[in-house]
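Participant: As a plain string of letters, each chain reads:
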Amino acid sequence: LAKTTQPISMDSYEGQEVNITCSHNNIATNDYITWYQQFPSQGPRFIIQGYKTKVTNEVASLFIPADRKSSTLSLPRVSLSDTAVYYCLVGDMRLSGGYQKVTFGTGTKLQVIP
Amino acid sequence: EAGVAQSPRYKIIEKRQSVAFWCNPISGHATLYWYQQILGQGPKLLIQFQNNGVVDDSQLPKDRFSAERLKGVDSTLKIQPAKLEDSAVYLCASSLVTGVGEEQFFGPGTRLTVL
Numbered sequence: 665l666a667k668t669t670q671p672i673s674m675d676s677y678e679g680q681e682v683n684i685t686c687s688h689n690n691i692a693t694n695d696y697i698t699w700y701q702q703f704p705s706q707g708p709r710f711i712i713q714g715y716k717t718k719v720t721n722e723v724a725s726l727f728i729p730a731d732r733k734s735s736t737l738s739l740p741r742v743s744l745s746d747t748a749v750y751y752c753l754v755g756d757m758r759l760s761g762g763y764q765k766v767t768f769g770t771g772t773k774l775q776v777i778p
Numbered sequence: 120e121a122g123v124a125q126s127p128r129y130k131i132i133e134k135r136q137s138v139a140f141w142c143n144p145i146s147g148h149a150t151l152y153w154y155q156q157i158l159g160q161g162p163k164l165l166i167q168f169q170n171n172g173v174v175d176d177s178q179l180p181k182d183r184f185s186a187e188r189l190k191g192v193d194s195t196l197k198i199q200p201a202k203l204e205d206s207a208v209y210l211c212a213s214s215l216v217t218g219v220g221e222e223q224f225f226g227p228g229t230r231l232t233v234l
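Each protein sequence line maps, in turn, to chains A and B.
Just so we're aligned: the first sequence equals residues 665 to 778 in the working numbering.
Just so we're aligned: the second sequence equals residues 120 to 234 in the working numbering.
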């Protein structure tokens with residue numbers, strides 16, 4: 665199982681860009697990287713996913729260097745509603761589709777300050 | 120589109136009792152996951168189904184935990200007998216394979232307290 669490491673917590677002011685890095689040194693060739701957001705008393709919610717280089721969607725960007733041993737989730741101009749725990753997940757994509765050997769990270773608690 | 124449904128939302132039992140959780144995934148999602156999330160930790164995969172077959176149950180404590188997925192749709196997770204350390208939120212997720220990977224959709228979870 666690919667082990668992931670994230671900072672335990674981060675603080676940011678509203679309107680700033682936030683970058684959360686996840687370390688996954690033993691990532692395997694077939695592993696994809698996915699980030700989830702979790703609010704208290706709710707299940708995690710998908711944010712973004714990638715394999716290499718840069719991926720961008722309407723809410724975030726994901727940067728993955730060439731060696732893929734880390735990844736960075738970038739949240740542009742955060743608001744108070746972005747206060748949540750953010751998880752990095754590494755999973756082995758099977759040829760038939762879907763993950764196996766799914767491993768969630770420890771999570772980073774982001775606190776957005778007014 | 121209806122999301123992943125789980126029941127019950129909360130359950131309190133005494134140690135050595137048994138308990139069962141139910142999950143109804145999003146229609147058409149072939150893959151179903153059960154996770155255990157202890158307070159302050161990330162979700163830990165217990166078991167993964169592809170249709171009604173088990174893909175990964177390597178972290179499922181098989182001496183007390185069991186799970187099944189009937190007809191490749193609904194799933195139940197059972198604990199018998201429960202221990203104090205089983206107190207956690209049990210999350211069910213179903214997934215959709217996208218063009219660049221997989222997106223998991225999580226239910227609200229069942230919060231289990233073992234006294």
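Incorrect hints may appear among the rest.
[Unchecked claim] The calculated DSSO-like cross-link candidates involving lysine-lysine, where the alpha carbons are at most 30 Å apart (straight line), are: (1) Lys-667/A <-> Lys-181/B; (2) Lys-202/B <-> Lys-773/A; (3) Lys-667/A <-> Lys-190/B; (4) Lys-134/B <-> Lys-181/B; (5) Lys-773/A <-> Lys-733/A; (6) Lys-163/B <-> Lys-667/A; (7) Lys-733/A <-> Lys-716/A; (8) Lys-163/B <-> Lys-190/B; (9) Lys-202/B <-> Lys-667/A; (10) Lys-718/A <-> Lys-733/A; (11) Lys-733/A <-> Lys-667/A; (12) Lys-163/B <-> Lys-718/A; (13) Lys-163/B <-> Lys-197/B; (14) Lys-163/B <-> Lys-134/B; (15) Lys-163/B <-> Lys-130/B; (16) Lys-733/A <-> Lys-163/B; (17) Lys-773/A <-> Lys-130/B; (18) Lys-716/A <-> Lys-163/B; (19) Lys-667/A <-> Lys-716/A; (20) Lys-181/B <-> Lys-163/B; (21) Lys-773/A <-> Lys-163/B; (22) Lys-181/B <-> Lys-130/B; (23) Lys-134/B <-> Lys-197/B; (24) Lys-773/A <-> Lys-667/A.
The set of hints was computed from the structure by calculation and includes no laboratory data.
Participant: Does each hint fit the structure? Answer for all of them.
Facilitator: Evaluated hints:
For the proposed pair Lys-667/A and Lys-181/B, the alpha carbon gap of about 23 Å is at most 30 Å, so the pair holds. Taking the CA atoms of Lys-202/B and Lys-773/A, the gap is about 29 Å. The hint holds against a cut of 30 Å. Annotation: proposed proximity of Lys-667/A to Lys-190/B is violated, straight-line Cα distance about 33 Å (limit 30 Å). The suggested pairing of Lys-134/B with Lys-181/B holds, with an alpha-carbon distance near 17 Å, which does not exceed 30 Å.
Between Lys-773/A and Lys-733/A, the direct Cα distance comes to roughly 22 Å. Compliance with the 30 Å bound is thereby established for this hinted pair. With a C-alpha separation of about 12 Å, the suggested pair Lys-163/B and Lys-667/A falls inside the 30 Å cut-off, and the hint holds. Distance restraint check for Lys-733/A and Lys-716/A: the Cα-Cα separation of roughly 10 Å lies within the 30 Å cut-off, and the hinted pair is therefore satisfied. Of the pairs offered as hints, the one joining Lys-163/B and Lys-190/B holds, with about 25 Å between alpha carbons and a cut-off of 30 Å not exceeded.
For the hint linking Lys-202/B to Lys-667/A, the alpha-carbon distance of about 27 Å falls within 30 Å, and the restraint holds. With a C-alpha separation of about 14 Å, the suggested pair Lys-718/A and Lys-733/A falls inside the 30 Å cut-off, and the hint holds. Proximity of Lys-733/A to Lys-667/A is assessed by CA-CA distance (about 11 Å); at most 30 Å being required, the pair is judged to hold. A C-alpha spacing of about 27 Å is found between Lys-163/B and Lys-718/A, which places the hinted pair at or below 30 Å, so the restraint holds.
In summary, the hint linking Lys-163/B to Lys-197/B is supported, as the alpha carbons are separated by about 16 Å, within the 30 Å threshold. Restraint check: the Cα-Cα separation between Lys-163/B and Lys-134/B comes to about 21 Å, which is no more than 30 Å; the hinted pair holds. A distance of roughly 20 Å separates the Cα atoms of Lys-163/B and Lys-130/B; the hinted pair therefore holds under the 30 Å criterion. At most 30 Å may separate the alpha-carbon atoms for a hinted pair to count; Lys-733/A and Lys-163/B meet this at roughly 21 Å.
A C-alpha spacing of about 27 Å is found between Lys-773/A and Lys-130/B, which places the hinted pair at or below 30 Å, so the restraint holds. Our distance criterion of 30 Å between C-alpha atoms is met by Lys-716/A and Lys-163/B, whose separation comes to about 25 Å. Among the hinted pairs, Lys-667/A with Lys-716/A is consistent with the structure: their alpha-carbon atoms are about 18 Å apart, no more than 30 Å. Between Lys-181/B and Lys-163/B, the direct Cα distance comes to roughly 15 Å. Compliance with the 30 Å bound is thereby established for this hinted pair.
A threshold of 30 Å between alpha carbons decides the hint, and for Lys-773/A with Lys-163/B the separation of about 17 Å falls inside it, so the pair holds. Among the hinted pairs, Lys-181/B with Lys-130/B is consistent with the structure: their alpha-carbon atoms are about 21 Å apart, no more than 30 Å. This hinted pair checks out: Lys-134/B and Lys-197/B have alpha carbons roughly 14 Å apart, not beyond 30 Å. Only pairs whose Cα atoms come within 30 Å are accepted, and Lys-773/A paired with Lys-667/A is accepted, the gap being roughly 18 Å.
The earlier numbered hint that this structure contradicts is number 3, and it is the only one.
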